Structure formats: structure tokens, C-alpha cells
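Number of protein chains: 2
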Amino acid sequence: NLPKTFRTFSSTPLKCDAFSPLDTFPQRHNGSSDAEIKAMLDTIGVKDMEELVNKTIPANIRSTQALALEGGLTESELLKRLGDIASKNKVYKSYIGMGYTNTIVPSVILRNILESPGWYTQYTPYQPEISQGRLESLLNFQTMVTDLTSMDIANASLLDEGTAAAEAMLISFSAGKQKRHTFFVDEKCHPQTIACLQTRAEGFGINVIIGDVLKYEFENKHPNDLAGVLVQYPATDGSINDYSDLSTKIHSLGGQVVCATDLMALSLLTPPGEWGADIALGNSQRFGVPLGYGGPHAAFFACKDQHKRRMPGRLVGVSRDANGNKAYRLSLQTREQHIRREKATSNICTAQALLANMSAMYAIYHGPEGIIAIAKRIHTLTNALAEEIKQMGYSIKNDAFFDTLNVHIENGADDIIRKAAAANINFRKVDNNTVGITLDEAVIKQDVLEIIQIFSKDSYKNSDLQPANKAAIPQKFIRTSPFMQHQVFNSHHSETEMLRYIYYLQSRDLSLVHSMIPLGSCTMKLNATTEMIPITWPEFANMHPFVPDNQAEGYKILINELEKDLAIITGFDGISLQPNSGAQGEYTGLRVIGAYHKSRGDDKRNVCLIPVSAHGTNPASAAMAGMEVVPVKCENNGDLDMKDLEEKATKYKDSLAAFMVTYPSTFGVFENGVVKACEIIHQNGGQVYMDGANLNAQIGLCTPADIGMDVCHLNLHKTFCIPHGGGGPGVGPIGVKSHLVPFLPGHPVVKTGGDKCIGPVAAAPFGSPDILPISWAYIKMMGGKGLTAATHLALLNANYMAIRLSNHYKILFTNQNGMCAHEFIIDIRPFQKTAGIEAIDIAKRLQDYGFHSPTMSWPVPNTLMIEPTESESKAELDRFCDAMISIREEISSIENGQQPIDNNVLTNSPHTIETLISTTWDKAYSREQAAFPMKILTTHKFWPSVGRLDDAFGDRNLICSCPPIEDYLE
Amino acid sequence: NLPKTFRTFSSTPLKCDAFSPLDTFPQRHNGSSDAEIKAMLDTIGVKDMEELVNKTIPANIRSTQALALEGGLTESELLKRLGDIASKNKVYKSYIGMGYTNTIVPSVILRNILESPGWYTQYTPYQPEISQGRLESLLNFQTMVTDLTSMDIANASLLDEGTAAAEAMLISFSAGKQKRHTFFVDEKCHPQTIACLQTRAEGFGINVIIGDVLKYEFENKHPNDLAGVLVQYPATDGSINDYSDLSTKIHSLGGQVVCATDLMALSLLTPPGEWGADIALGNSQRFGVPLGYGGPHAAFFACKDQHKRRMPGRLVGVSRDANGNKAYRLSLQTREQHIRREKATSNICTAQALLANMSAMYAIYHGPEGIIAIAKRIHTLTNALAEEIKQMGYSIKNDAFFDTLNVHIENGADDIIRKAAAANINFRKVDNNTVGITLDEAVIKQDVLEIIQIFSKDSYKNSDLQPANKAAIPQKFIRTSPFMQHQVFNSHHSETEMLRYIYYLQSRDLSLVHSMIPLGSCTMKLNATTEMIPITWPEFANMHPFVPDNQAEGYKILINELEKDLAIITGFDGISLQPNSGAQGEYTGLRVIGAYHKSRGDDKRNVCLIPVSAHGTNPASAAMAGMEVVPVKCENNGDLDMKDLEEKATKYKDSLAAFMVTYPSTFGVFENGVVKACEIIHQNGGQVYMDGANLNAQIGLCTPADIGMDVCHLNLHKTFCIPHGGGGPGVGPIGVKSHLVPFLPGHPVVKTGGDKCIGPVAAAPFGSPDILPISWAYIKMMGGKGLTAATHLALLNANYMAIRLSNHYKILFTNQNGMCAHEFIIDIRPFQKTAGIEAIDIAKRLQDYGFHSPTMSWPVPNTLMIEPTESESKAELDRFCDAMISIREEISSIENGQQPIDNNVLTNSPHTIETLISTTWDKAYSREQAAFPMKILTTHKFWPSVGRLDDAFGDRNLICSCPPIEDYLE
Ligand SMILES: Cc1ncc(COP(=O)(O)O)c(C=O)c1O
Ligand SMILES: Cc1ncc(COP(=O)(O)O)c(C=O)c1O
Ligand SMILES: O=C([O-])O
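Taken in sequence, the protein lines are chains A and B. Take the first sequence: its letter number 96 is residue 96 in the working numbering, and every next letter is one higher. Take the second sequence: its letter number 250 is residue 250 in the working numbering, and every next letter is one higher.
A few of these clues could be false.
One copy or two, either will do: identical chains are not told apart, so a pair holds if it fits within one copy or between any two.
[Unchecked claim] In silico DSSO-like links for lysine-lysine, alpha-carbon gap of 30 angstroms or less:
{"id": "1", "residue 1": "K445", "residue 2": "K785"}
{"id": "2", "residue 1": "K598", "residue 2": "K179"}
{"id": "3", "residue 1": "K419", "residue 2": "K188"}
{"id": "4", "residue 1": "K923", "residue 2": "K941"}
{"id": "5", "residue 1": "K93", "residue 2": "K80"}
{"id": "6", "residue 1": "K90", "residue 2": "K556"}
{"id": "7", "residue 1": "K445", "residue 2": "K564"}
{"id": "8", "residue 1": "K756", "residue 2": "K419"}
{"id": "9", "residue 1": "K419", "residue 2": "K80"}
{"id": "10", "residue 1": "K643", "residue 2": "K785"}
{"id": "11", "residue 1": "K179", "residue 2": "K874"}
{"id": "12", "residue 1": "K923", "residue 2": "K935"}
{"id": "13", "residue 1": "K376", "residue 2": "K38"}
{"id": "14", "residue 1": "K874", "residue 2": "K326"}
{"id": "15", "residue 1": "K93", "residue 2": "K470"}
None of these hints come from the bench; they were simulated from the model. Computed from a prediction, not measured in an experiment: that's the story for all the values here.
Using the sequences and the accompanying hints, generate a full structural model.
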């Protein structure tokens, strides 16, 4: 009478090879047991996975071979292997600067944000009622940026300084009534910034001029066509220049002044907003975010009020909830690509939320005085170093500086660089005669003495370092205005207070630690701990992006292996890991296609066909790549309208550059026509771009290359387990067929890309290398079999839920066999008439059930798109289905008049504790019905911290920095 | 018009040396800023810290010199220095066994329990309503243990296997009506277990006989005096022996059968409960807890129902709350030392909760099938290894085995050990002819091949390993009964499910991440992240306790430095880090005193004077050390009754062994008489033992040695930042004056202690080394100045709160200047008459305010003892005071009749969400008053997850393992 599940030693044979290790990963990543899988297959009515796949994926694209990846490593093997790789990175002391410096990451922030699944598994805060914690944190980030830059408004991060500069150029370009086509870039900007900007300028036909901004005769040369100028403050050579007269001049010519800057320096320097800049941007990395060989870090972006509706990226604002309480939300979403599509200000979607949070926390932990003290010390050390270097007979090219010296050494740069390398030190080689040295908060006196040793000509006496007599920042640059005066920056300076603030915010945010986040198109799967552990190892975390190759051998192995594995998985011939998000991948892929056409003399090809169902980033990216977007219709059943496609392709046969398509489609279906569609495009001279957001439905079962795609981006933050971090980081590599490989993006500092490469699309050569171990580890631990099993489960889970819900909701799109892919859409439109209920009401009511809503009203208005992923267990799927079915019953109670149409448990949702326990209660439903519609909620419930947000109020009364503290206490 | 707090670069001079690093730690550890300190001094009415100290600490004990420790390291320096030390540990592959093996710690458990402040900063769950998460987890631990051992009941951990065996011996000793004085220990038990048991036996006059348990003639030799026997199953030599006939025989003689065992082996072997054992115990380390050079790990302890009231340690049980809902709590507390004092079953207080939680989570993650698979694989590898070794011509001494082989090599053990060391491998040297090899779940095939290589005589061919034909576990030992059938062990096998379960439990537990935990005598201060990070570094975590010294050089440096620093801090001449808790420190110190007396021929000295105000562990420890406890009275003002002390000391002049005293006193006062008291004791031939629980009030200001103490224990888990972990781990080192140094405890395997050492008091030579980096780091980062500043603040914070609360509550004890030390007691007794309110009602009501109660009814019944520690900010102290004052007003509303005496906001507290939103509400106060008595609670509130516990019900209906799942769903 032993229970079935119990197997004793003597009675059961071993399943696997008797000696094989047991800490295998697929069993942990994939959510359901064999028995549960069997039960789900039964519910769907298929006999096995094979039948499920056959009914789901068109026969003409199904792979005939198993995925050619090795078997998976166990979790222990993975950590050992990755440890070996990490040890091949040599972490020298890097004083290279160029926008990247060492930083001391406060341990309390490292452990409780970057290493905490409560923070890193959050989604972008589109459901504000269950995201108040990170919204507050991002508002802190914005406040810190507006304060330090002295600008009116700041967003909640961009991808990096290079692309932020490109975005600023585009604002300048579109700011006036008439487009102005010249953009001037000071030669003293970081080279990677200039290069990113040049790449981006091409798509828009902007003429970028590089020169000495203080000498250039703008009035004569561009009386009417100057969009703006970009300056770096302090400049890449360390100098601090006065741009106030310049600003006056540029403004008088109708141009914008854009300033790339450094938050640390701004604690001491007159901020750009005080000398006339219209836009300020930069990298917030040195505020407590590891170097990570180039990323991820959060770029900041701030501007004058008049540009706020043109400002790219996510913007957190203060609004109020249904009860009139203050509440945070994403503001002005009408600017974003998901609304404005090809007319959007930018294609940015995923940004760098997690890193922005880290930087904001760093500012909070130190407070204004702490930041000033750090900046002063950096300057004091730099200044003392400058004195010593001068005493040794060298000249420092820049008299005024904050943290960076350009040392003149006639024909001696290489020599010094070599001596430094021998002492495990990196300087910047500016040119043959110039060495750059940038100090940072991690530098100690001994480090400076070591630097001096390298420059010393005779045997150096380790004399004590002396502070210089006076600061090397001329008085006119000295900041006099306060910043970060809000209480949040002046309260949490002890570790205990900091820890509690972090946990307080976290307690207001729903994440994957609570329940499934079934967001269609977002693939919120497990971000496994073993994948996450290595990213904070010092060998990965503390490496400057521009170190010589031989110091980054570990990274090189990792990058090469990841590229190879992704090539196998997608069937492509080349991969670029440079793009920092899916949208950047799209942009990159389209630029590569453009370069390909051009290389063949085919330079009229600029039409991009995009189905109307496409994600907003697709048309936005196409526009940014300089293409004309031509929409392609869809059939009522969701399929591509093949007739329309063929007509358009033929019509634009001479100008057809590309067709962008998401596969399986954004409707969650493996369409049959896809191979045909690729053929049509190819026949008409176009290239096919696949948006790989839905790749999770394909791996091991079919490949984009075999289907006929020429390029595809992957979202490593969806399919390959990089966590969403509350809205970033992301990695959006592209894969391409062999004819496109030569065009993969290059980089001005570290060689990347093909021999006919387009310019860089990100500031760092390999984008965000510090998080690549995550995807690498996922692939290595899953192996070919594990990955294929994950895809099976992703399809199974979606179809299982679709079946369960189909008795209660209409499932919008399926294929001819009634199957969806890895996600599906349920129709909410009918309830508008019957009960006055819309998708948003169900989304909010789901919060009362402890769930994050599925994707709301995209790609079809007033629907919900559900994607379970393979990592969710059958139990969790059932719990979600039960909640949806219970909500359907609640809708019925409106339909049948038990609850009024305008004051019911759905329209009033979500219900906060505060509302539920208020003495007055005048609803047609009980408090208990509101709070605990399912029994399990009495013990397992995540509570929304505010009531439903008033979106209109927030956009009408835009407040995008921390409101005065009295407001909280009112 | 710049705000005062804002200092610009030009206007302020640098405060510190311009080059000094800024990531200094004291500013992060200590909670208040200079301005806040000033405000608190003002409130108290003293002009500076010096005056505060002068008014608080008697002049005759104040140190005249600054603490002679170096200045503090910054956080970055600390991590670097500790990294260097760690790198001196050489982590070989250790197959030494003896109760410690390698294990694969699941990453999800490592990161989210051991590395999570949400878990490690919890206190012991004495406030069950805000501790349901860890109570559930500990119940899982108990269930896992009872299931695997097949015993009736298990506790929620003991300190280690050695002391657990000693506890079992004591149960055997006290089980019968008449004491039986013989305890037999099988020679095949682990040597450190035997030694711990011998140490403990001495205090009780138990006669320990070591021999071959299967051959010994019990009937003839001990027909009436056999308390019990201890066997090891499997034995230390790896053999598996049949003890069923033995059990029958021992039972017939009236003795108890105690079995030290291995949970992993028990998944395959007939459990002790099925062949007759009365008690089963062991180390749960191999269930996912790092080796850590010996600890901390959780020992398990299970017994038959008849012993349950004698069982030592904490026991979680299922009861119900005020609303009749199921709720967990600590059961049968009447067994514990804080109630029974010298008559307690044991002195254990702090145990190993955090590690027990890890082991339980490991069992949950793997489930019964997973555990069996792991055990099978270990056995299969061991078996294959045995075959190879036999084929090479060696003999294996034990035919039957699970994971351990004893290989016979005539005169060749040293040679093999040497060869192994050369290959970075450790075996156990059993004797000159015998080598022990124990395999574990981390072993892979390649490891076994390497082991074979060492034994191979000729050049070895790396042939493939073959599984043996049959198991080396004879059929009669094969387990047939199921275990861990409860749903909790069969649900959370995917990482996502595991993660959510961990977070679900965590969400029910208040910890330092939420608010201050002002528990008098417990010193709940910051457990800083930088202190915690190193403990999971592999160089510290993965080291076996019995490796040769030259592999543990990093640990040796750490241990030596920590001992030296603690000696400086306390003024003592020698330190032993072996005791695993404060109570163990007490026991050790008293044993050392006893050995000292004996060494001088003074062997009648066995009286221990203990003030009536002492902590329960004091008399319990004295009793365990074989001493007779004589209580000393206290005056009404809380001071020692010096007259009584002198009388008793004189009366027992010839038998006086020791006086135990807590200083500052358990009443929170620096008594003036302490120097005098020490003199009196010394004059009468006694030694003075200081309970160092309150050392946080002394560091840098006075030292136990100067005061006149001979011995003192420190609680590293109080004063030196080791987190409480929800009830352990702890470290309770003792410091002693030079005359006692020779008696510090030794160890049978690794040399420790003095040349006249007492036996070991813990299984591992250095207790729990893996957590020593925490205290080491704290001292190194604080430096002498920082530590002294912390003490200042601890005194300041307590006196500030006492002043604020003194207008509302009576403060019980202060010194002649009206000052308390680092904690103080408020009197609740008056409210019993005026409002029917007792300390417990305030404790529970504080939960509604988001706070953990202060220490309740100890050392004075119906009082609350408040200890803020230095890490709390003034803001937090004020928030707590505000809550207490608000509660006082609520009491007034009962006193003045606004609320009834038996149904008011205090007696009904804590209020759960479920209660508050129930439709019916018939209280004299509103729902809002219950939930949000202060405005800040509407945004910042921790909710109790159950209503007030029904303690009596739980003890009457004792259930100490997971209740059937239907109960939850009823
Ligand atoms: C179909 C599709 N394409 C593109 C993107 C943009 O990717 P990213 O947010 O990484 O820029 C998304 C993001 O959700 C998407 O769902
Ligand atoms: C005064 C006093 N002595 C001894 C102890 C026992 O210490 P431990 O719990 O570490 O065994 C405590 C614990 O709270 C205590 O407060
Ligand atoms: O981020 C989204 O576009 O859903």
C-alpha cells in the first residue's frame, strides 16, 4: 500500500545512467512534471507532444533534425565552467575613462537590488497599482537627474550614452517647424558617442559635422539649417569648457544645445541647465553600477520643458488613484512607439530600469553631501596626480579638469601604455603623444602612487602625496545651486535605513516571486539563480569596455560561444550581440539590410512592408532606419493578407527594401503562409526581417533561417532568460544570413562586425556583456533537448489554457487545427455591450486575484493576450484560469443585473486594504467578495498598494520628480 | 539662501584627510547623524557623550584608554583583505566523512534564504503571528526528520550532532524514575561525538563506557544501571549494522536506544524508528548546507512520543488563532530553560533555525523521489568504487555500506593519504592500516576515477567505471516505508515554484528589513551586507572541518585575528571560539572554572551563585556543569543584594565554585556594586563568570577583565553582528583570564584549547567557522573608534527612548543618576488593574503598528524590556515611541470606559486583514482605528498573517508535523 509516487531502492530501476549527476537544470526550469504534462495533453485531446507540434506548426517549416547543441551541463558544472571562463578575464586597474569608470557598488544595493529576484524579475510598470515601488524608485532617478543637470524634466533611462546622444540629435532635428539638417558635434565628445550619432544620422539624412565647437563659425556656415550641437562637459580629454556664449549663439540661430555630461562632475560644476543647454544626457554607471565590460548601465536624459513631448523613453509621473491618493504611473505614453508607431519620437521600449534603480539608490545612500564628498575626493586625487606629473616634467594638456588628465608625452604614449600594462594598469591612448588618465571613487592613494611610478623617469621615491594648492576647476565653473534636497535623498544613509527603504519599495511590487506574469509577447519565464549568480562576480563585473583584448579573454570565449549557440538555434550565419534591446535589434537589422542593398548599388530600396498587427517598435525602427513604412493588411482570422502582401510587394518592387514580420505572429499563431510570404518578398528584391519576440515558440522545432528569413533579432530578455528588471536591461542581438554578415555593426574603439560594417548602434562594442552569462548559462544548462522540451511546454501550456478558457471567453485566433502557438488572445469586446466591461477592468480585477494582467489591448484593442511560458507549473496555470473563470462569473453578475454597470467589483478594482476596511461600504458586493473571491487568497494574496490610477489627471498635471514631502503627509 | 545642509565645493573645507576613502563603515552601521545625536543628547539633558557615559557607567570600571584596535577598514578594503585571506584556504576534494560531506546547495535556496536578509535577520519566532513563515518552514524540518527517522516527534534543531548525542544521553539518564548512571557508546560512533558526550557526562556523573555494542554483555554487567546506548547508523567506519536485537535487549534492561544517523542514508535504509530506537539524531548538513569548516549546520533530534516533554530545544506545533484558523507556534515551552531554569531538560536557547530552514527547503526542492535518487547515486558510485578497489587487491573492511568505505592497506594509510594530498584530495586516516572514503552527491564519475588512480599500483588505465552487480546494502536493511508524502514535499520541484514558496513564507515574517526589533538582551542590530557576503564564498563555505591545518591557513588567520581582537575588547588572555551559542559558552566557562578548581585539588567546589534575575540559561548551564545552583537576591531597585551575596559567599566559602552575573545587569543597569561583588567572590575562593549578553553596552568603555571577571561568554550573534537567523546560528565564544587559559576546550581530531583542556563542547573544533567572517569583518571595519561610537549610541538610544517613554510608562530600573544602560524595562503591571491589560496585549498590539514586541515578561513578569541598539536611526526610535505612546492612549480609553475591558483594540490584537474586512464588525472601535492607528501605517505597514495564537490549545493538542493538506482547504 505504498503511494504511487513512492519508489523504493529495491523496487525501481534507475531511470538515467546510474552515475549521471542529478542537479540537471531542465527539470527545474520547466514547470510541469511528466504526469502534469500528460494531464494537459489529455485536456487538449492530443496523444503526445509530437501530435501537439504537428497540429501547431506548419509541416513545411518543421525541423527534421534535433537541435545540434550539446547535452546540458548540470548547475554545478555550469558554475565551475563559468568560473574557469571568468578566471581568464584579467581585471587590471583601468583609468581609461571615456564615460566608464570604476565605482564602489554599495553592498546593500548590490545584494538587495541587483541580486534580488524581488527586483530583477519585475516587469515594466504598466500596471501601476502593483508597481508603486519601482515607480517611486524611477521617480527618484528622474529627480536625481533633473536636480544634478538642472533641467526641467528627465526620463527613467535610455540604453546608453551613445544612443541617448542620437536621441537628442533627433529631438533637435524635429524640434522646429521645419526640419533642419545640420548637426554639429564637438570633436571633444567620446568617440563612441560620435560614432553612434553618425550611424543614427544616416537614416534621417542628417548632416553631422565634427569640429571644434568653440571655433566653428556657425553664423556664417549654417544660418538656417543648424538643428543643434553636441558638447561633452567635461570633455573626453578632461577639459572643462565654458559653453554659455556658445549656447546663446546656437539659440539665436534656432538650434538646440545638447550636453553629454557626467553626474558625478555635476555635483561640483555649474549644471548644463544653468548655462543654457536644452538637453543633457549621459551614463549613470559611475553611480554604483558595475562596469561589466560595457553594460548594462542606465543612460540618463533630461531636457527643458518645451521638449517634454518629444522626449524618448519612459517617464514616470505623479498622479492620483481612484480614492484621490497620490500614486505613480508612466506618463505621456502617447509619445511612445506603441501608440505613435512610425511617428514615434523613438523606437525605445525596453530601457535600463534595474540599473537606473541602482543609480538612484546610490544617490539616496550617499545623499547630496556624500556625492559632493566623493566628487571632491576624486578631484583632489586627480589634482595631486597632475601636480606630480607636471613636476616630473610632463605637460598636462587640460588646465581645467575634474577627474581626467591628458598627459603630453612626445612620441611616448605607447611606451607609457606598455609600462602601465606591465603593472596591471590601463590608461587611455589618445594618440601617439597623449595618454589619458581618469580617476574614480575606487582609487586610493596607493593607486595614485603606482600611477606616478609609471611616469617616473628615475627610480621613484615613494614620497607621500600632497594635495594641490588649489582646485583645478576654475571658480566660474563651480556649482552654487543645491540638488537632491528632497527628503528621500536625505534620510536613508545608514545601511539599516537603506535596506528598509529597498524592502519597503519591493513590498509594493508584484514580480515573478509572487505569481505568473502571463504577458503575451513578453515571455516572463524563470530567471534562474544559477544563471544570475555569475553576473556579480568581479571578473565579469569590474571590466572596462575598452581594455585590450588580451585582458578580456574570458569574455571573448563567452561571446563566441554564445554567438555560435544562437547561430545554431536560429540557423543563421552571423550574430551581433551589440544591440541593447529588441527595438535596437530591429533598427540594426534594417540598417544592415539597407547597407546590403546599397552595397549592390540598389540604393533606391527604402520601402518597408509591415503588417498592421506589428508591434509599435517595428514601424518606429523602420522610420529611424530611413525607410518608408507601408502597412500590410491582415485577414479577419489574423493571418497575413497574402493578396495584399503580394500586391504591395509588386507595387513597390523597385523600392522594396524589407518586409518585417513577427513569427509566430503577434496574434500568437504559426501562420501557414510564412514561407510563401518570404518567397514573394525575395522575388521582389526585398529582404525579410523577422521580429524574434516570439522565438520561444520555435526553438528546436523550426528556425527563422529555414523559414526563409534573412535577419532576425532575438530578445535575450525574453527567450533567453535575462530578467526584465522592471523595464530593462535587455539584449537584442541579431542573426543574419551569410550575405548580410559583412554588414554587422562595427565599433570605433574595439573591433567588431563585418568588413563592410555599418556604424555602431550602441556605445559599447558588445552591448551589455555583463548579462550575457545569463543566456549563455541557460543554453548550456538546457542543452538541445532541454531547450526543445521548453518549447514543447510553452506550446502545451498556452494551448492548455486556451482550452480551459475557451468555455468562458472567445479565443480570437488559432490555426486551422484550432491551435495557438505559445500565446493566445481572448476577446473582451463583447462585454462592453453586455456589462460595460473592458479589458482594463479585467486587468485591474486580476490584481485582486494576485495576478499581473496579460498584455492588454495589444495587438488587438480590448483584448488580453496570455503567454504562460514553459516555466509555470500546471498548478499555477490552473490558478490563473480559475481566476479568469471566476471573473467571468462576476461579469455575469453584472450582465444579469446583480451588480450595477458603473459600480461593480470589476470597475472598482483593484481594491486596496485601505478601501476595504473603511467604515463605510456601500457596494453591491461584500468586502470579502472584493478581497477574497477565491479561498486560497485568504492566505496567498499580493495586495495592490493604490487604487486604480487616474491616467488623464496625471497627463494633465504632469509632475515627474519627487513631490514635496508635505504632500505625502497631508 | 542655500539650505544649511548643502555645502558647495568652494565654501567648505574637507572634513577628513583629503585622500581618505569614503566608504567607511561606522557611518553606515550606526543609525543616527551628528545632528540627530545632538538632538537626543538635548532631550536627555546631557551636554555630550562623555557626560552621558559618566552618568551611566560607574567611575571605577570606566576604561582610561581608548580601545587598542586599529582604525577601521573601508568596505572595499575589507572585501579585498578578506578575499586575500580566503584565497589562503585550499579547497581540496574531501572524502573524509565523519558526519560532514559535500553537498550541492541549490542556488535558489542559497540566494533566497542564506543570502537573504528577509530570512537571516529574523528573530526566534516567539511572536508567532508575525512569524508564520519560518514556523511553517521549521515544521517542514520537523516533518522531514520524523518521516526519515520514523520517530514520533522531532524538534526544530539542535546545535550539532555531538551535543545532540549528549542531549540524548541526558534524556536516557533522566528517563526512568531512578537515575541510571551507565551510558554505553558504541566504538563505531564518530570520535567527536564520543568526545562531546564524555565531556557532558562528567557534569552529571554519568559513567560512559565505550566498546563494541554488539558484543558487550549488558545483562551481566549492567542489569540495573544502564541508562542507554548510543549507536551510529551507518557507523563511522561505513558499516551498516543490525541493531534490532540489541534494541530488544536494551529495552528489556530498561535502557534507551539512541541512534546517531544520516538523513540521506535513511532514504534507503530501514529507519531507526522501525527497528527500535527511542531517539534518533544527527547532522542535517548534507541536505544542502555548506560544510563551512565545521558549521553552522542544524542537528536534528527526534524521539518516541513518551520522551517529548524531555526533548530539548524548540518545537514548532500547530495550534489555532483567535479566529479559529490554523496557526503555528512554539510548543511546550514549559520544557525550556527560560521556564524551568536549573531543572530544564537542557540549556539550549539559540539553535540553528536558518540552517534547519535550508535543509527543509532542500528536502522540499528534491522531494522524496529526488532524495532517493541522490542517495541511490551516491551508493552506486561508492559501490563501483569498492569493486575497483577490491580488484586492485585491497580489502574493504565493511561489506555493507551506504557511502563510506574503510579500505585496508597494511601499513599503507599514510602513503595513500600523501598521494591523495598531492592530487588535492583528502581521505580519512582511520589508523595506520585503514583509509576511510566517504562519497557524496557532489561526486562525479571523474572524481571516482581520480580516487581509483590514487590506489592504483601500476600506471592506471582510465577505463570506464562500471556499476556493481548488486547493492552493498543487504536486503534486510532496505527501507520499505514511504516518507515525505505531505504535499509540501511534492509540489515545489521547479525553481519557480520553489522561489515562490520561499517568498510566500518570507512575506509572513517580520524581520529587520521591516522595522526595529527592540528585544531587550537580544541586540538586534544591523547585519551588514559586506559582513555577510564572504560567508558564501567557496573558500570559506566548502571546507571540511577535519582537513589538515595547512589547507585551512585562511581560516587560521581569521580565527587568530578574531581571537586577538576579542581578547583586546574584553581584556582577557585567551579565547575559545568553540561554543556554538551563548548557553554553550556558559556551560564551557563553568566547566573551565570547574577544571581549574580541580587542578588545584579544590575538588569540592560545586556551588554556583546566580542572581534571581539571571537568564534561564545560567542556572540550566550550571546544573549541566554539575554545579549546585544557589540563588542570590536582588534589591527592589534591581541591584544585586550585596548583603545576601556576601552571606551566601561566606556560607558556601568551601564549596563556592562560581558566581554568574550579567553585566550590565539583566535589568539594563550598570550596577555600582559589581567590582565589590567580584572581590567578595574571589575572597571566598570562587571564580566570577560574566554572562556577556549585554556586552554591547561595554565595548570601548569598560572591559569584563578589568571589572574583575574571570570568564565571560560573548554572543557573536548579538554584539558582533552574526544575524539571528530566526533562532540561530549563534556563536558563544568565551574569554578567560590567564589562569584559566590552559583549560579551554580541546578536540579529539584537530588540536584546540589549552594543555589541560576540558573535552570538546562542540562537534567541530572551531564551532561554526563559516560565520566568523561576519564578526571579524564587523570589528575590522568599525575599528576601535567605530566600536566605541557604537557603544555610545547604544547607550544614547536607550536613554533617549526611556526619557520619551517615561512620561507615559513607568521605567523600572535606572542607576542613581536616572540612567539605564543599553536597554530598559517598562512596567505594565499597573494596567492589569486599571484596564485588564498585560504585557502580552501590548506586544500583540504593537504588531498592528508594524513592530516586533520588546522582550516580554523577562526578567520581570508583565514588563517589556526595550533594547534599541546603535543601528537604529532616531526616526525609527521616534516611530516606536510614538507607537508606544499611542498604545498608552488606547489603554486610557479602556481605563476611562470608552472601550470595554474584554473586547478592546488591545485584547483583540493583532488584527488580520481577514478580520478587518469581514462584513460583521461589532467592536467599540473602528476598523480604521484597529488597522491604521498612525497615519504612516496606511503606506508602511507589516501585516500579521494570523490572529492571536491560542497557546493552551496548541499544547493540549500537540501536533508537531505538517497537518494533512485537507485541513488547509477545509
Ligand atoms: C513583438 C515585439 N517586438 C519588439 C519588441 C521590442 O523589444 P524591446 O522591448 O526589447 O525593445 C517587443 C517588446 O515587447 C515585442 O513584443
Ligand atoms: C542574558 C542572556 N544570557 C544568555 C543567553 C543565551 O544565549 P544563546 O541564546 O546564544 O544560547 C541569552 C539569550 O538571549 C541572554 O539574553
Ligand atoms: O512593452 C511592450 O511593448 O509591451
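Now for the hints, and whether the structure bears them out:
{"no.": "1", "hint": "K445 to K785", "verdict": "between (53 angstroms within a copy, 22 angstroms between copies)"}
{"no.": "2", "hint": "K598 to K179", "verdict": "within (25 angstroms within a copy, 98 angstroms between copies)"}
{"no.": "3", "hint": "K419 to K188", "verdict": "within (27 angstroms within a copy, 63 angstroms between copies)"}
{"no.": "4", "hint": "K923 to K941", "verdict": "both (22 angstroms within a copy, 26 angstroms between copies)"}
{"no.": "5", "hint": "K93 to K80", "verdict": "both (26 angstroms within a copy, 14 angstroms between copies)"}
{"no.": "6", "hint": "K90 to K556", "verdict": "both (12 angstroms within a copy, 29 angstroms between copies)"}
{"no.": "7", "hint": "K445 to K564", "verdict": "between (44 angstroms within a copy, 29 angstroms between copies)"}
{"no.": "8", "hint": "K756 to K419", "verdict": "neither (35 angstroms within a copy, 58 angstroms between copies)"}
{"no.": "9", "hint": "K419 to K80", "verdict": "between (34 angstroms within a copy, 25 angstroms between copies)"}
{"no.": "10", "hint": "K643 to K785", "verdict": "neither (39 angstroms within a copy, 81 angstroms between copies)"}
{"no.": "11", "hint": "K179 to K874", "verdict": "neither (55 angstroms within a copy, 57 angstroms between copies)"}
{"no.": "12", "hint": "K923 to K935", "verdict": "both (21 angstroms within a copy, 25 angstroms between copies)"}
{"no.": "13", "hint": "K376 to K38", "verdict": "between (65 angstroms within a copy, 27 angstroms between copies)"}
{"no.": "14", "hint": "K874 to K326", "verdict": "between (38 angstroms within a copy, 27 angstroms between copies)"}
{"no.": "15", "hint": "K93 to K470", "verdict": "within (27 angstroms within a copy, 58 angstroms between copies)"}
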